[in-house]
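K.L.:
Start from the sequences and build out the full structure, keeping to the hints where you can.
Protein chains: 2
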Amino acid sequence: MKFSEIKKKHQNNILNIKQTVEASYSVHFIKGLFKKNNHNENPLLMLCKGNKLIIVVDENVYKKFGREIEQFFSMNGCNFILHKLNASEKNKTISSVIRLCDMAKKNRIQRNSIFIAIGGGITLDIVGFAASIFRRRTPYIKIPTTIVGIIDAGVGVKVGINFGKSKNFLGGYYPPLAVFNDQSFLKTLTAKEIRCGLYELIKIALIKDPSLYYLIERYYRDLMENDFNKRTEEMIFLAASLLIKELTVDLLESNLQRLVDFGHTFSPCLEMKSENEIPHGEAVGIDILISSHIAFKKNLLSQADFDSIFSLIKSIGFSKKYSLPKAKQLYSSLDDIRCHRAGSLNLVLPNRIGAGNFTNYCSVEEIKHAMDFICDSEMFQRN
Amino acid sequence: MKFSEIKKKHQNNILNIKQTVEASYSVHFIKGLFKKNNHNENPLLMLCKGNKLIIVVDENVYKKFGREIEQFFSMNGCNFILHKLNASEKNKTISSVIRLCDMAKKNRIQRNSIFIAIGGGITLDIVGFAASIFRRRTPYIKIPTTIVGIIDAGVGVKVGINFGKSKNFLGGYYPPLAVFNDQSFLKTLTAKEIRCGLYELIKIALIKDPSLYYLIERYYRDLMENDFNKRTEEMIFLAASLLIKELTVDLLESNLQRLVDFGHTFSPCLEMKSENEIPHGEAVGIDILISSHIAFKKNLLSQADFDSIFSLIKSIGFSKKYSLPKAKQLYSSLDDIRCHRAGSLNLVLPNRIGAGNFTNYCSVEEIKHAMDFICDSEMFQRN
Chain A
0 MKFSEIKKKH QNNILNIKQT VEASYSVHFI KGLFKKNNHN ENPLLMLCKG
50 NKLIIVVDEN VYKKFGREIE QFFSMNGCNF ILHKLNASEK NKTISSVIRL
100 CDMAKKNRIQ RNSIFIAIGG GITLDIVGFA ASIFRRRTPY IKIPTTIVGI
150 IDAGVGVKVG INFGKSKNFL GGYYPPLAVF NDQSFLKTLT AKEIRCGLYE
200 LIKIALIKDP SLYYLIERYY RDLMENDFNK RTEEMIFLAA SLLIKELTVD
250 LLESNLQRLV DFGHTFSPCL EMKSENEIPH GEAVGIDILI SSHIAFKKNL
300 LSQADFDSIF SLIKSIGFSK KYSLPKAKQL YSSLDDIRCH RAGSLNLVLP
350 NRIGAGNFTN YCSVEEIKHA MDFICDSEMF QRN
Chain B
0 MKFSEIKKKH QNNILNIKQT VEASYSVHFI KGLFKKNNHN ENPLLMLCKG
50 NKLIIVVDEN VYKKFGREIE QFFSMNGCNF ILHKLNASEK NKTISSVIRL
100 CDMAKKNRIQ RNSIFIAIGG GITLDIVGFA ASIFRRRTPY IKIPTTIVGI
150 IDAGVGVKVG INFGKSKNFL GGYYPPLAVF NDQSFLKTLT AKEIRCGLYE
200 LIKIALIKDP SLYYLIERYY RDLMENDFNK RTEEMIFLAA SLLIKELTVD
250 LLESNLQRLV DFGHTFSPCL EMKSENEIPH GEAVGIDILI SSHIAFKKNL
300 LSQADFDSIF SLIKSIGFSK KYSLPKAKQL YSSLDDIRCH RAGSLNLVLP
350 NRIGAGNFTN YCSVEEIKHA MDFICDSEMF QRN
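Here the protein sequences come in this chain order: A and B.
First residue of the first sequence: 0, per numbering that gives the first Met the number 0; consecutive thereafter.
First residue of the second sequence: 0, per numbering that gives the first Met the number 0; consecutive thereafter.
Accuracy of the hints is not assured; some may be wrong.
[To be verified] Which residues of chain A face chain B? A partial, calculated answer using Cβ under 10 Å:
1) L14
2) S25
3) N275
4) I373
If you are wondering where the hints come from, they were derived from the structure by calculation, not from laboratory data.
Idealized CB from N, CA, C, for every residue including glycine.
P.N.:
Here's what the structure looks like:
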């Protein structure tokens with residue numbers, strides 16, 4: 000952190016405070032992070048050394064990797080406590096955050112201790128929020144275990160929880176100490192989790208990079224068959240770096256017109272109305288379909304590009320024949336989006352594969368046409 | 000806000016994120032902020048124009064100034080809702096913050112709306128914390144109505160609430176949009192509130208500025224008689240600018256060795272053990288007595304300086320003959336302080352009037368001697 004100056008204007012009775020804060024962190028891609036042959040010069044260990052650790056692991060991740068994780072920290076002489084988190088959208092609440100803070104306080108976690116979050120996006124968001132308010136800020140490290148975690152929640156600085164029926168309504172912007180991405184975690188992902196990851200990959204590809212889009216088109220089956228190889232590594236690394244590039248233009252979101260909000264305008268309503276039966280990533284997939292159809296009908300997106308997007312998403316498919324909300328409900332939900340984006344809709348629409356743009360105009364008819372079209376595809380139930 | 004660069008080191012599989020965030024705000028000293036003759040070119044109005052406002056007023060302040068405040072915002076055509084807050088240490092909890100967020104959400108407060116906090120330190124801390132997490136951050140303006148508010152909570156960026164029995168345990172660092180200080184609010188302060196203000200004035204004077212100390216020594220009676228004049232204005236302005244100068248060296252407290260923590264090492268325990276009967280400012284006064292006695296006995300502070308401090312504090316006095324905790328309890332509470340200061344005690348002791356220094360050594364005997372001495376003064380009850 001660098002700092003500050005004060006200019007005193009005694010004559011006006013105004014004191015001006017100006018500060019510059021520099022924050023930096025690294026996103027590491029390491030295979031077999033907790034494997035024995037990775038113990039030497041492991042950058043995670045170098046960060047942890049000498050600090051008390053509070054490791055919070057998604058309980059499902061714990062079932063598969065708990066022993067390995069505990070052994071890693073024990074064998075390397077770390078002073079740690081480990082807590083299993085029931086990470087679900089339903090539990091992504093202020094109560095979970097407060098329970099975590101309470102547990103940390105009872106275990107005498109200090110201001111220079113380190114929270115380590117190991118899990119998917121929900122785990123990273125809850126633990127990050129707790130760390131951001133615990134003793135006004137306590138360092139934290141993110142170790143995402145899902146594709147969504149690696150390419151979305153993992154790279155950025157957003158932390159937060161749901162509030163009432165609103166997703167991620169309370170939270171903050173809190174840079175982690177570091178992020179460690181390890182593809183080894185991905186091999187136990189379910190088909191549903193892989194799909195969610197694919198839709199976030201498609202999101203960033205569609206607005207930023209045609210070459211990533213064509214990679215996904217060619218190799219998405221590798222991911223769906225849990226075949227993690229050089230190509231899937233490349234896709235995930237590329238998506239994460241594109242997102243970082245996009246986020247770091249304005250990490251604290253002073254500008255609320257953000258390309259990365261593509262796929263995230265209708266999705267909160269889709270998730271909420273399904274009472275979180277539709278997981279975040281799949282809701283993003285449906286949103287991409289709706290937004291692309293609107294773009295196509297507005298003559299912003301070519302027929303060929305729309306067909307390509309539609310066909311790719313249809314091939315990836317959804318975990319269930321979800322029942323979707325009515326066009327009118329989706330339309331009404333845009334009011335909440337406007338509130339969150341300081342009054343403007345800023346709906347992101349694809350112009351072509353690899354580039355997006357904003358519109359503030361979206362009618363209930365446009366949404367209805369899109370919904371009719373995607374429901375005719377037999378992917379979803381009509382409502 | 001300025002921004003960022005990404006250095007990609009593909010060869011190492013590390014993405015480095017580096018960002019510089021610039022935040023700035025002004026602390027205005029304005030007399031009669033809400034008075035009719037101040038409506039033109041009022042900088043508060045200029046900031047508010049066009050934004051929805053959520054004005055949160057301490058309910059005691061509302062009793063005295065509510066009508067004037069409401070008239071000000073109505074007559075100037077502001078779109079606002081006003082909420083009265085029962086601001087007490089007991090209510091400085093996460094529940095109060097969540098209730099406030101809930102109310103703001105129901106009233107469709109947007110990301111570009113503005114929270115305006117009008118009250119003492121507790122009000123500023125609660126509202127600031129709510130604003131810092133509402134929609135991940137919503138602008139807020141601070142209008143302190145007490146001396147402590149103006150020279151302490153008002154100038155800085157700390158927000159927070161109590162947690163369990165720990166004061167200000169959860170919170171954050173969130174710069175306001177602006178701060179407006181208006182001495183007109185001070186004229187209705189109680190003797191207790193004035194005393195609290197005086198002890199915060201003495202705190203900053205003792206560690207930073209002998210000239211402020213001598214001003215206080217000479218003119219503290221003006222404050223105690225609610226006679227707000229040029230001299231009291233000068234003292235308050237000076238204290239606020241000293242604090243700003245000290246805070247802006249390290250606004251986010253990366254370094255936890257802070258001179259401004261003088262008077263704030265034993266005070267949390269004093270407040271807590273009295274179940275908040277001892278208000279914050281008076282607890283700071285008692286802490287200054289204890290710390291100064293320890294400094295004197297360590298031969299760090301001269302007899303003359305100690306006598307001066309002791310005699311000034313005795314003249315100001317306390318609102319009640321409080322019963323103080325035992326030396327052993329105060330000693331035990333230092334463990335919590337160490338946790339909060341990343342492992343080190345960093346007890347601030349005055350070297351002389353106007354300069355302080357740190358120590359990590361403080362024995363139970365030293366505290367006991369100090370407690371014996373100050374209880375012999377008949378200011379407090381022995382315990």
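K.L.:
Among the hints numbered above, which are violated by the structure, and what are their numbers in rising order?
P.N.:
3 and 4
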